[in-house]
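Mind docking chain B on chain A? Use the hints.
Listed below are the residues making up each chain.
Number of protein chains: 2
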Amino acid sequence: MKLFTIAVSLLAAVLPLQAQHTQYVNPFIGTAGMGHTFPGACVPFGGVQLSPDTEMIPHNIQGKYQPRTYEYCAGYQYTDSTIVGFSHTHFSGTGHSDLGDILLMPGTGEVQINSGTAEHPEEGYRSRIDHSKETASAGYYSVELQDYGILAELTATKRVGVHRYTYPKGADGHVVMDLDHGIYNYDGKTLWAEVRVESPTLVTGYRITNGWARTNYTYFAIEFSQPILEYGYKDKAPVYYRGGYSGYKNFPEMAGRKVVAWFKFNTAEAPQLTVKVGISATGTSGALKNLRAETEGKSFDQIHSEAVAAWEKELDCIEIEGTDAEKTMFYTSLYHTMINPSVYMDVDGLYRGLDHELHKAEGFTNYTVFSLWDTYRAEHPFLALMKPKQAEDMIESMLKHYEQSAHHMLPIWSHMANENWCMTGYHSVSVLADAIVKGLSVDGEKALEAMVATSTTPWYDGLGEYMKLGYVPLEKTSTAASNTLEFAYDDWSIGAAAQALGNKAVAQEYFKRGSYYKNTFDTALGLARPRYADGSFKQDFDVKQTVGMGFIEGNSLNFSFHVPQDVPGLIDLMGGEKKFIANLDDLFGSNLPEYCYADNEDITADCLLGGYVHGNEPSHHIPYLYAWTKQAWKTQYWLREIMNRFYKPEIRGLGGNDDCGQMSAWYIFSALGFYPVCPGTDQYVLGAPYIPYAKLNLPNGKTLEIKATGVSDKNRFVKAVKLNGQTIKNQFLTHKQLLQGGSLEFVMSSRHK
Amino acid sequence: MKLFTIAVSLLAAVLPLQAQHTQYVNPFIGTAGMGHTFPGACVPFGGVQLSPDTEMIPHNIQGKYQPRTYEYCAGYQYTDSTIVGFSHTHFSGTGHSDLGDILLMPGTGEVQINSGTAEHPEEGYRSRIDHSKETASAGYYSVELQDYGILAELTATKRVGVHRYTYPKGADGHVVMDLDHGIYNYDGKTLWAEVRVESPTLVTGYRITNGWARTNYTYFAIEFSQPILEYGYKDKAPVYYRGGYSGYKNFPEMAGRKVVAWFKFNTAEAPQLTVKVGISATGTSGALKNLRAETEGKSFDQIHSEAVAAWEKELDCIEIEGTDAEKTMFYTSLYHTMINPSVYMDVDGLYRGLDHELHKAEGFTNYTVFSLWDTYRAEHPFLALMKPKQAEDMIESMLKHYEQSAHHMLPIWSHMANENWCMTGYHSVSVLADAIVKGLSVDGEKALEAMVATSTTPWYDGLGEYMKLGYVPLEKTSTAASNTLEFAYDDWSIGAAAQALGNKAVAQEYFKRGSYYKNTFDTALGLARPRYADGSFKQDFDVKQTVGMGFIEGNSLNFSFHVPQDVPGLIDLMGGEKKFIANLDDLFGSNLPEYCYADNEDITADCLLGGYVHGNEPSHHIPYLYAWTKQAWKTQYWLREIMNRFYKPEIRGLGGNDDCGQMSAWYIFSALGFYPVCPGTDQYVLGAPYIPYAKLNLPNGKTLEIKATGVSDKNRFVKAVKLNGQTIKNQFLTHKQLLQGGSLEFVMSSRHK
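As they're listed, the protein sequences go chains A and B.
Throughout the first sequence, residue numbering follows the numbering used here, covering 77 to 829 in sequence.
Throughout the second sequence, residue numbering follows the numbering used here, covering 77 to 829 in sequence.
Read the hints as simulated data drawn from the structure, not as lab findings.
Treat the hints loosely; a few may be bogus.
Because identical chains share one entry, a pair is satisfied inside a single copy or across any pair of copies.
Said to hold, decoys possible - The calculated DSS-like cross-link candidates involving lysine-lysine, where the alpha carbons are at most 30 Å apart (straight line), are:
id: 1; residue 1: K614; residue 2: K594
id: 2; residue 1: K365; residue 2: K436
id: 3; residue 1: K312; residue 2: K334
id: 4; residue 1: K552; residue 2: K310
id: 5; residue 1: K334; residue 2: K655
id: 6; residue 1: K340; residue 2: K544
id: 7; residue 1: K334; residue 2: K310
id: 8; residue 1: K140; residue 2: K325
id: 9; residue 1: K325; residue 2: K552
id: 10; residue 1: K365; residue 2: K522
id: 11; residue 1: K312; residue 2: K552
id: 12; residue 1: K771; residue 2: K795
id: 13; residue 1: K544; residue 2: K325
id: 14; residue 1: K312; residue 2: K140
id: 15; residue 1: K334; residue 2: K140
id: 16; residue 1: K476; residue 2: K325
id: 17; residue 1: K340; residue 2: K552
id: 18; residue 1: K340; residue 2: K403
id: 19; residue 1: K389; residue 2: K771
id: 20; residue 1: K463; residue 2: K522
id: 21; residue 1: K829; residue 2: K465
id: 22; residue 1: K829; residue 2: K436
id: 23; residue 1: K594; residue 2: K552
id: 24; residue 1: K476; residue 2: K436
With the rest of the complex left out, here is chain A:
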């Protein structure tokens, strides 16, 4: 907590606005360990995430995978003591990664072209840092670069990263731009880069990369507040023809596979340099358009103020009471729910589509970064509830993806106009269904067409066999059992959408498919278990092992609960309520032996609660399943354990990858007292609030006050729930009930019912 205190106190010095909520945002939370968050500057849903990268571990060296790359999904680990530079694109909390585009690094003295190493930063342009001279807040980041004595400050708009470098007095300052740098890099990731010096203060260019995004186009337009004195570049890879005479110095066209450019300024006389970097996926003119539209004539401080104001506005959707620590955890989580998905279009609506062609977004904002295996659970339902405009635009973006897809499929895991096919299922259908059922403005007919097309793609991950056999056979894919469970849930959600849209035939067909989860259950065992095409179950089966047992990043003990669409049916399959409760108790109460997750990058001891894995998503709804039994108090009990253990307002505070806001959205819902166990229904299952008071400023203009007076670790149990004075007898609230606003009172108690 020491460092956080420093950050907040420095923050106070620079924050130009009243920071009612943003004062509690600490972007450092999750930047050590497994959180994979980044500390840099961005605005809500902004396409630019300008942040320091502390290390660039190549994805592989001579073909050999480098395991430490996993740590650097966001480019930054707080435990590092050097900074390579500041790049403009970062995922928030993912477990696989990419990006780190367009790295800038200021320096003094002789220009260095290589980045150097953490051990020997003096061998390159990187610099040592001292975290006591580093601050981060919503929309702002600053650090002193010790090797140069430069103060580097960062802020951002939606499409522009803004740097302010204050060089030491009298020093010859420069800026290095490394277009070969990247997160999850490998030799050759940058396919091509071009740079044009358009005028003494304007530089444009782009790079195309083959990373996790198979083909990623990142264009930029950079405006320097001072004229460039001299510039040049090095290209560390062979180029057939670069064109020109003087070539590497003061030649305004640069091009190559590994371009590192440098620009010198008269900082000896004018020590402060502001650098505005417009980013676009459509072209350098798009980047320039974004730069001009969002920052023309504005100072760094003004842009910073606007970034803070943008966060204040978005964070103001929920006002809470609680301790500073509680507010910090809450508002930082809320902040993390609004980084990804991110805007992916120019100010005038031009964007690069999945077909890599340029398209114009008519009447919607195009978004990217859809980590759907994670975010369909709570992140998208949270946005549907509190940010419906963004949720609707995200759905429209997914429908455009479908239209532009050579596979005629909705996104699985997509970013920067690429499908990366990460994880399993086709959970965009859940996002669409949830929005349709909850009455958001969605083109239902188009959505249903896309959902049906996606869910009938026979080559996709065993789906053809699933449609024939009623389950995915293990010989088809190593994740057969979890695929079956996920497909069945997704199919049920398509049925729910079809029902809401009045399409009975589709509803009937997909509700039937929604029951296919039963086909991968071993009723003798009372748990899910992968099967072969001949119907036989996998032998040598270990229900605790998270690797190689037919479940993706998980074991049968957790994944067997993945039937949110039919909990009563699941209870029956498990052998009745008693056995169901026993299974849940066992999950939370017993330990997971280390051999069960030793080979699983996404699971560590840090994210375990008994055998329950909160650090990875498939289990997120499980604590709420007691609500279907007579022991709903156990939900209340375990939720608080989870929140206390995995959500600490500390730098190493997150118990797992934040996964584009999913972990945080889980926290927001749970801290408020309810959770969307089954997106595609209109129900939020009741838990127990973590904080004594919250006011939701609902998007329809109404407010909902949530009170849990006296709540504490001791008073964690819910004695009664009253909505506008009426006691709720069910274990859930509906979307409509929440939107009606008013007062939701949880009567807390130290003893469970």
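For chain B alone, kept in the frame of chain A given last:
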């Protein structure tokens, strides 16, 4: 002539239209030896040049330059007996090269991914051919692929290459698409390629290459007349992430550095397959737009008919009488003047600019392939005279280049939205000046701004020193003397343009710079000679040596005549008319020893007439210089020698690279009896016609009949020239005189005056 006869007779069988002029076009002329023309199909100024490539000699192997690449500038040598495939972009007659984009090759049986070798074509997809089963005509090419028994036919529109493959009965046919193939290739030239199978009959994609065009974007949209049965690809280079499951077969997204794709068809049942390939530089949607706009609903035969009609229309600008051989040489030359420059924009005007951004051409057609060191001499003046609309659009394209240039310069040698900086001088200014002086519709103010900006770029090839010293010093560049001569001429042309535009100050300044040619003359020697900055001349000077003597691709004996703007001044410098004539006589009359050009790729014994080098451009105006003396008959004498020797209607008929129509435009002018010795004046210097009759159908609707009754090798001398009955006393005609039309009569004689 045997092969040509075959071609014509086959042609007659397939030509669907009356082919008044096109019957005399033989695209094979120049395809053996130094001509570097291609035999494939294109339309006038078309952006697609669909032609067979017979060999792909990599530009280098492990860093070592492969000299045979020079032979394959157009991808084809008639002496070869195998064909690799058919690619969509080719230069016409250049001496450096690039392109060969999007190669298709049909085949039967097992799909092969490598191209194989000329010695062992069976090891790859290439095929043996027999030139007796090969035909070429304007807008059409066909060949029998012996290894497969496939008849391949090609035709084209401006932006679409159209293939018709007739497979043998009962054979399983396929098409291979090699996106790694290219002309002047090297390992890694293709930076990235993507392919999408959009439907069973539509495939889109692109490749980006780093060739002579530093960054070249070629998009395509391919429509097959039959549905694809099965498809796949191989990528011979590592790719980090391709995305997807089945990967290499029937997966509709392909991507990589060395993609070779294949598509199978049911040719056993339907042996004929038509493949339409739309090409664009803006995107796959641009390529599809072009494909649809130019070929939708049209059969191969219909498109072929339209291509022939387009050529008929353009070739009809000049009607001649003469022998079949004379007509063949004339119309084939005329054909070669209208291949490059080529259209470089989509049907709706969208094009990729020099800044690699997309632009919309408003009110003009955007062109590319400006081989200006060659074409400013006769090709552009020819277009200004006979194709002014195209000439004006080319000038507008050059002005857009200037606007988009990071260097703020007009093109030097540009293609596919790239400046390749080839050769010396800044001859686009000559093209602009010539058009301005001749009254074409040009934005004069913009043009002058661009000309002045280009000619004052200090870093460019010694130009800064030239502006200071009055000549380019040899320590600055190895081509100092020819640079000085070329800069001086170019500067004079800027002066002429300024004068025509009424800008006296600029005219005065540039006329002065136009006299700088004198500063690189050694008056004691009477020839041009390079100097150092201190004023001293180069020692160890050999006036015949074409390498290393301060002249680009030439020697002092030829280059000293490069003063078209001031022939009287040159005569003085050389020591008076007698010495001037002696120098000319010496040039034509004496031999050039082999050691003088042994190291010069662009000069061979085939292109020499004594010491006069017709195969390369700097000498093209020299035969006309006798016109300034009392011995103008020597012009008449030598012109016929040159035409007889270097322009034969044979496959190995051209005495040097056609250089984007420059050699051919020289021939057209000279065969008509006049030549633009000094573009930027309105004068055409009189020579002697090669043919007895020509009628120019002038762009203003008037006609000019040119008669040279009885002209022959014997009657090669001009006794008198009468324009509309009035004897011409000068040795030139003006542009205005030509445009007034009427009759131009050359009275021929076997004896000179």
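How the hints compare with the structure:
| no. | hint | verdict |
| --- | --- | --- |
| 1 | K614 with K594 | within (16 Å within a copy, 93 Å between copies) |
| 2 | K365 with K436 | both (15 Å within a copy, 17 Å between copies) |
| 3 | K312 with K334 | both (5 Å within a copy, 21 Å between copies) |
| 4 | K552 with K310 | between (48 Å within a copy, 24 Å between copies) |
| 5 | K334 with K655 | neither (60 Å within a copy, 57 Å between copies) |
| 6 | K340 with K544 | between (65 Å within a copy, 29 Å between copies) |
| 7 | K334 with K310 | both (8 Å within a copy, 26 Å between copies) |
| 8 | K140 with K325 | between (36 Å within a copy, 27 Å between copies) |
| 9 | K325 with K552 | between (56 Å within a copy, 17 Å between copies) |
| 10 | K365 with K522 | between (32 Å within a copy, 25 Å between copies) |
| 11 | K312 with K552 | between (44 Å within a copy, 28 Å between copies) |
| 12 | K771 with K795 | within (21 Å within a copy, 105 Å between copies) |
| 13 | K544 with K325 | between (64 Å within a copy, 23 Å between copies) |
| 14 | K312 with K140 | both (22 Å within a copy, 19 Å between copies) |
| 15 | K334 with K140 | both (21 Å within a copy, 22 Å between copies) |
| 16 | K476 with K325 | between (44 Å within a copy, 26 Å between copies) |
| 17 | K340 with K552 | between (58 Å within a copy, 27 Å between copies) |
| 18 | K340 with K403 | neither (44 Å within a copy, 63 Å between copies) |
| 19 | K389 with K771 | within (15 Å within a copy, 78 Å between copies) |
| 20 | K463 with K522 | within (22 Å within a copy, 52 Å between copies) |
| 21 | K829 with K465 | neither (40 Å within a copy, 91 Å between copies) |
| 22 | K829 with K436 | neither (57 Å within a copy, 72 Å between copies) |
| 23 | K594 with K552 | within (19 Å within a copy, 82 Å between copies) |
| 24 | K476 with K436 | both (11 Å within a copy, 25 Å between copies) |
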